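**Student:** Sequence:
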Amino acid sequence: MHSTAAGTLPSVEDQQSGVVVALVMAVLPGTAAAAAGGEEGGGPGGVRVVAQEEVGPRLVDLTVSSPALGRPAKVRLLTPEDWDERRKNQRWPVLLLLHGCCDTYDSWTRETDVATTPQLRDTLVVMPEGGEYGWYSDW
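When we follow our numbering, the leftmost residue of the sequence shown carries the number 1, and every step to the right adds one.
Because the hints were derived from the structure by calculation, they are not lab data.
Straight-line alpha carbon distances no greater than 20 Å define the calculated EDC-like cross-link-like pairs of lysine to aspartate or glutamate that follow:
id : residue 1 : residue 2
1  : Lys74     : Asp106
2  : Lys74     : Asp61
3  : Lys88     : Asp122
4  : Lys74     : Glu111
5  : Lys74     : Asp103
6  : Lys74     : Glu54
7  : Lys74     : Glu53
Just so you know, these numbers come straight off a predicted model, no measurement behind them.
The task is simple: from the sequences and hints, build the whole structure.
**Tutor:** Written out as structure tokens, the structure reads:
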């Protein structure tokens, strides 16, 4: 298990960070509008991965900086089995799992067997933090 700052990530992870940022942007409010402004300070809209930690087999926790949220947010990834051997521009099916009220980004791996579900071995599962009451929608 290890933690790394974004500036010291191995190059293969740097290649994939844009994919992860794009996936995270899909569930962060306001990032689509912010993305129209360019890629200042990281990915589109200034969203960037600032830290990562391997927390288990195929499990990676990211800390994402988001100007739209005004604070760092956590995202858990359940990576495909061949994630460590990934190539630039490689793609996988993506499943977004959003937690409900009063829980956190790690609820799916804490409360279910999602990490050991055989049907997900070739899928990138993205589990973002939604806040105490959720912010997945712009009501």
